[in-house]
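These protein sequences, in sequence, are chains A and B. Residues 1 to 383 in this note's numbering are what the first sequence spells out, letter by letter. Residues 1 to 647 in this note's numbering are what the second sequence spells out, letter by letter.
Worth flagging that the hints you see were computed from the coordinates, not collected in a lab. Don't take each hint at face value.
[Stated by the list, open to error] Here are the simulated DSBU-like cross-link-like pairs (lysine-lysine), alpha carbons at most 35 Å apart as the crow flies:
hint	chain 1	residue 1	chain 2	residue 2
1	B	K553	A	K143
2	A	K143	B	K77
3	B	K557	B	K542
[Unchecked claim] Covered stretches of chain B, going by a simulated chain A footprint (3 or more residues, C-beta under 8 Å):
hint	region
4	251-259
5	317-324
6	505-511
Heads up, the beta-carbon is just placed ideally off N, CA and C, and yes, glycines get one too.
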Amino acid sequence: MTGTDQSSFLGRISIRRNQVNAMEGYHEQEIEDLELFQKQLSDRFAELLSAPDDAPTEAFLSISWIRKLLDVFLCCETECKAILLMERDAAQISKPPLDRLIPELLERVVKAMDICNAVTNGVELVRHCQKLAEIAVSALEQKPLGEGQARRAKKALVSLMSAMHVDDKESSVQKTAERSWSFGRRSGNKDRHHGHYRSLSWQVAKHWSASKQIHAMTMNLAAPRGPEASCLPAPVYILSLIIVFVMWVLIAAIPCQERSGLTTHLPINKHVNWTHSLAGIHDKIGEEWKKKEKKGMAGLLYEMQKMEKLGQSLIEFTDSYQFPGEKEKLDEVAAQVAELAEICRRMDEGLVPLQMLIREAFHRLVRNRTEFLDVLEQGAPVV
Amino acid sequence: MDECQSAIPAHDGDLHVVAAAHHIVKALGTTKNLSDDLRKILIDLDAHLSLITSNIDCKGGKGFVEVEERLKRVERKIVIWESDRIMIWDSGPKEASDYLEAVDEVQTLIDSLRGLSMNENQKQKELLHRASSLLQMAMSRLEEELIHMLVKHKQQSEPTYIPSPSSQRNVVYNESVVSLDNESAKEASSKNSCSDECGEYIVDLVPEHVIPDIKSIAKVMFASDYGQEFCEAFIGVRKEALEQHFDILENGKLSIEDVLKMEWCSLSTEMNKWTWSMKIIFCVYLMSEKRLCDQVLGEFGSVNSFCFLEIAKTTILCLLNFGEAIAMGPQEPEKLLRLLDMYETLADLVIDIDALFSEDGGSFVRLEFHKLLEGLADSVKAAFNAFGVAVSSNGSLYPFPGGGVHPLSKYVMNYISMFPEYCSTLNLLLEDQHSDVASLVSEPQCGPTASLSTSCPMACHLRSITSSLESNLHKKSKLYKDEALQHIFLMNNLHYMVQKVKGSELRPFFGDEWIRKHNAKFQQHEMNYERVTWSSVVLLLKDDNPGSSSLSKSAFKEKCKGFSVAFEEVYKNQTSWCIPDPQLREDLRISTSLKVVHAYRTFLGRNPAHVDDKCIKHTVEDVEKLLLDLFEGSPRSLRNSRRMMKT
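Only chain B is shown next, with the shape it has when bound in the complex (with noise of 0.2 Å):
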């Protein structure tokens, strides 16, 4: 108001034209209709004149009786709050107006007080002491009723419009091979998202009726200077808002060490809820709570972004450290998926985050998540590659009773057909180790087939990871001493892949030429489990002298006795075997059906004249029965079906 002091008039004569100019100010003032900011200089430009009145008024002996009455008045007014044991914001909105005037008045005064220069007048000096105590008072309330009307605003309610964590992949991979069915597969599957789009999500953290309350108490203080007592109670509740929400979360507040000393089912769940945290308070939280902090402070420049800052800060240090926890373990196998999980949500955040804390004092928090994400990502290709690590490496001592489908191959088929969901991100953290693998597993890129999704990074790596399988099934083979087993045990497992890989969003990554070729490769062991168990069964029923017309009595009894000695023997022994898939199940024992029972029938045929009960032990239509009971995966013993049979 420095102004002022060159417009005090220097002799009494202009009193007539500062009196006439007052009048003028005061007729306008009551003028309806008035801009609020017009209102205000009206009202400063009447205190400026009253005060020049009276600085005249001073000499001639009659004091500052205007401004001390001015003061009184205001005095008055907000004096009667300190007793008062309502709030005033809660007493009603013309309460509020009221005192929110009495300050800018009292304001007033004090900035007109300091205008006049100050000549050793006492009376002056009191009166701006008087006005100064009045000011703090008014601060002090005002600073009260911006807490109280935060913490009675704060909205609880918890946002129900993201998925809840509850409905995400809670699947639990161990170590130990689980072996899941389709149907939790299949579940597990549906993966959800937070929408691409971050701010849709924004909430009222405050009722927005109470938002011009907040910044018609802002505006005043920060006007008298008191702005910095506004952010630190402002900060101090809506950080303590945040923190609850955060809580709210779930996040047990784990330490560094405790995550790494987690059981793994633990660590997936707290994994899990990392996820969802991060979207829920950066997506929901922090965006409302920066549009809030724009609403209340976006006039007051950098404080804005300073208490945005100091209010998140402890939240976003949790989430940090558990991400940093998570990314300095053991990168075991089995927590891939759950990296992913973190990983993608990082990635689909680190654009908002950049924005959120694009000031300078941010540039902190940017950085930390950058090098979080690099982190994540290293973590993700480390449990990648101990998958595959994994998968090669997983031994027994002991053959896989039946020769049905490995809980690896479960395992790894199910494991996998999660992958292409995240087939964009994989594709981009395999990319760097993409040529090593990809000329290991070049061969559907040969063929004129190959098409973009085959030759993709992470095709190359799941064919790797597929061709570890098999190679790891062969040796797993070789632990059966039988070798027919050994056949059952591989088409067994080739077929499950085979159908894996066919039913599953896994096809095109594999493509026709990779099920073409497998499906080649189980037929093959189908036809050599034929081959190895048949034939020298089938070859006792040949014919040794094709010339003659038919056997003699005792080298048919010997071929008889030969054939059903054989065929109990293969009978004991893979009535036990297993072949879990119907279908595949139904093809052999027909395709064995037709060899075997009809070898039979013409050796039978060829000699009609010995057969009779006693040298014929099975009849064919017995065989053809006997043989529905193989691969049952239940031990059966001949000699008690025979007695069965004859009772």
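Bound conformation, chain A alone (with noise of 0.2 Å):
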């Protein structure tokens, strides 16, 4: 979806309420526009869906990935307000059900805004990894390749590892962490690698749990039927639905505070067309995750399953690896050393941006929020 389209869709309706506003065949309309808002959205979930499991760029789930995914929702968002907000008189917002809805979609906002900024943490943890693996990729690239280099490697990767499964849980319990820092290592344990453990300071809030917010956002999420489905109703229920959609992903890719119990079921309606992908992608994810639940791990992110995989081949050959090594076992490191390096390039140039585009989801949202109420309050028509 460039700007252009998304241009064209806004214009399109805006030209549209001012011409055929008050008059008859508005609700008609309204139909189309609804209909259309759903093709596209249609459209860009499906081209979501396709893409590859496994490829260099652009893999399912992978940090360019979910940069499209907030991209198509900050498009979604700005058109579904479209249609609910535009040239609209603020009486048919504040008339039932609308009047419960939209304060229900609004509580949702406020749970997306605090997800957001949990994420956004998450991502804090995953350049630390990426940090790391950097650190492993320039020992190894070292030729010829020493004992000493190998063991720096090994140092660097086992504790990337740790800093990959760490619980959700632990996060609250900081005073752990603090204690490791404050032995010297003289006192015992030599394999210790406290070296590279950093306190997980991603917390929000105590007893704060990302897959509880995740639960109370789909309360009361059901697609309106009947004549419901066709109007009003309609893009609330869309752009709740998108806003818990894209937030579970999120915690679902990303690290982040107390996630067990995620896989919880997503009202998705599949019996319109629209959300077709959507739930293509949701049970994709699903599936993932319950895989890979209960090891207890850093999250479905394309770039940090490879990092972990390629991550547990290298620790073994640094473990059992002798000076000056065989050439074929050099060279299938060699590959492997170079994928990683691969992804730590990746993280490099993505995650920052993805950091921003949270943020920026995040402003969104406090935005969005700001303009329902004053519709609510001041019974104006935004325009």
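Fit chain to chain and form the complex, with the hints in mind.
Spelled out as structure tokens, the structure:
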């Protein structure tokens, strides 16, 4: 979806509303707008679903894929709001059932803001992993590879693994981390790699739980039926569903506070055309999550999963490495190191923009809420 | 060390030259008073020359004997610590510098070995490998020493020289118009602010004597290409230390949802804490952290700002999010002062924030705080407007008993008497709404006395608020059925407003003209009261036939009775009325007394023949005394008091 597509869509609604407002046939035009919007949604999610599972770029759940998802989210949000508010009399918004649906939507919006913040902190953990992987890469790229460098790589990789496998819940127990700092290594355990341990300060609030937030957001989230399905409750539902869905994907992909039980069923109405691809993405991620959940992991982000696999394999290698090593093995490792280096490069390029995009989504949610509140409170139409 | 390669002599004849040079270098190395840099150069040169020698030697079959010897020596120095339970830097400066020297030596050996061409020389490869492993061992150790050192010397002391939050304004304003007496208002207005100079609170986050040690580790780790490890370890410990300081400031981590749902009392406390934490975190901790980063990492370029940002980021995001949550919340009038505190704090800090995060990587932080500042500015305006709306729309169903000073007047006047402290901020923020309001309340500027302070945006807004208050009070006065009580009520409240303006910082913003006008207003109500209450009563005593000398007995009796009935009625009513200000009460009694007692005395004096106990219920002295019971706010009936007087 390019910018021009979107502006033409918005222009269309605006012109239409100006011309047809308060005339007969208004409702038909609205239905047409809604259908066009759903068609576009369907296309966009289909494109996201069609991303390859494993590819050097743009893989499913990769950083660039998530950035695309957020772009789609930002577009949908703008358009949905246009359908709901543009050139519309506020009285329509404050009538039942919207007087109930809009406040419910706004509660979801607030929860989504907290999730955005939690995930922003989660990206920090991913960046920490990237830094550790970079150390391993620079050590293993040395030629010839000495045992010293192999040990250096191993140390970084072991820290990487422990950073990745920190239980969500451990984040709330900062004291443990502190204690491990203040022991000198001389007090015993030689294998402790506390050098790379990073306190997990991603906490949103005490007892805050990402999965509970998602669960709460899905309450009362039901597809409108009958005549409601073609008028204002429909875009409210679409916007709500997309917010919940995008937040759910972010939590599944990126480290976040308390995610147990994330497989909560999202109430996606599969009888509507536009949700096919959305449901497809949901199922795919849900299955992946079930497979990985027990192990305790940093998230389904493609790059992180890849990094984990490579990291484990390279740890095995460094464990038994003896200088000067066999050529065949070294070549194999060199390929893995190159792959890890490529992932680091993509993280280096993508993580900061991803963080900015999440922040933008956050600000958008804030603005969105203010606009809806204005309409609700002042009863004035938003232009 | 590419130059070394070209320096390798072509044939044995040069060996003598090399040997001579080596000799000189060694001799120079023993000289005392050499600068560190020069000594390092000599050591490097020494290593190269010995390598060249051994390289030439090996052609003769002697191998890298000397290099190996040196490697063995440093190996012993480094490996010995591996089995030791004590940290090197804890053992003493000698041990530390010996260790660093050994690491330097390993690095020199590695550089030199690399510098030589690898002519399929197995021995050379093996030595290089051994040296690299040794280096890894040392680096790993240095990283641990660094962490140990940073953790051990983490300063935990709280800064005590910035006024603590308990001395800040903690008065809680509730929508339920709490009455505040002067004292609590005064106490509450002792606003404190962090000094304008943020930098003056810099502290040593790590004791000064430890800095050179950290720096020496940084130097050697960066030189050996272990800079990344250094940064990760450094960031890890410092970040955690900052978060601990943040925790000590008792910022309960709150989600946006929590903040939006919070009760006003707790929210007010949290807003106060935020204001306080912002100052402490930026003025003390981040400023100091920046200095620490500069001291340790100053010479390593962009690594410095990268590490600083990594250390600061999560704490900053926490502060930012609370600010965002406040800026998006509903802006109720009671939030105004807290919002002003938050706005002013951030407005003071943005320059420092811009300076702390001046590099590209920090642009996000700068941008977010500028956005937040705008958001808070909008919130202040919204809360200010909400305050105005609340003042004019505060409604009541029942008249305020006794006609005293209404809680709304107290609330509004006490609240706005805090505004002058925020004068410059309010002037800035209210500027754009200025013209609308100025036209509404232009009165004081018309006169020749109009000065800068009475015409600034804040002054106009203040007068607009008090004029809303006045019209609201007029509305409220209509709830009284008794017209005289309406006047008492307005007199009391207008008098209160004038007193508040005269006795506070508000005076220059209202101006003498306003005070004169409002004095006249309440005096008018005072006069109106007297007219409405007493004119008819006094009229009863009036001489119907000014020509004749005295009244008939029955006419006199009639007039006396009429007067006492009317007086008793007033007495019964107005003893329950209230004039809280003693001076105002006294004034009104005197002028009433003058009017009523004088008329009564004259009336009695004109008819001396009829004056006896039977027809006169109240003597002049009685009336004088009874008038003192009015406006005390405790209802009395004259029947009772009469009886009491008789017994």
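Hints versus structure:
1. About 135 Å separates the Cα atoms of B/K553 and A/K143, which puts this hinted pair outside 35 Å; it is violated.
2. Straight-line distance between C-alpha atoms of A/K143 and B/K77 comes to about 27 Å, which keeps the hinted pair within the 35 Å bound.
3. Only pairs whose Cα atoms come within 35 Å are accepted, and B/K557 paired with B/K542 is accepted, the gap being roughly 13 Å.
4. Only when three residues or more bring their CB closer than 8 Å to a CB of chain A does the claim for the region 251-259 of chain B stand; here the count is 7, and the claim holds.
5. With 3 residues having a Cβ less than 8 Å from any Cβ of chain A, the region 317-324 of chain B passes the three-residue criterion, so the hint holds.
6. For the region 505-511 of chain B, the assignment as covered by chain A is violated, since 0 residues bring a beta-carbon within under 8 Å of that chain's beta-carbons and 3 are needed.
In summary, the structure is inconsistent with hints 1, 6 from the numbered list given earlier, while agreeing with the others.
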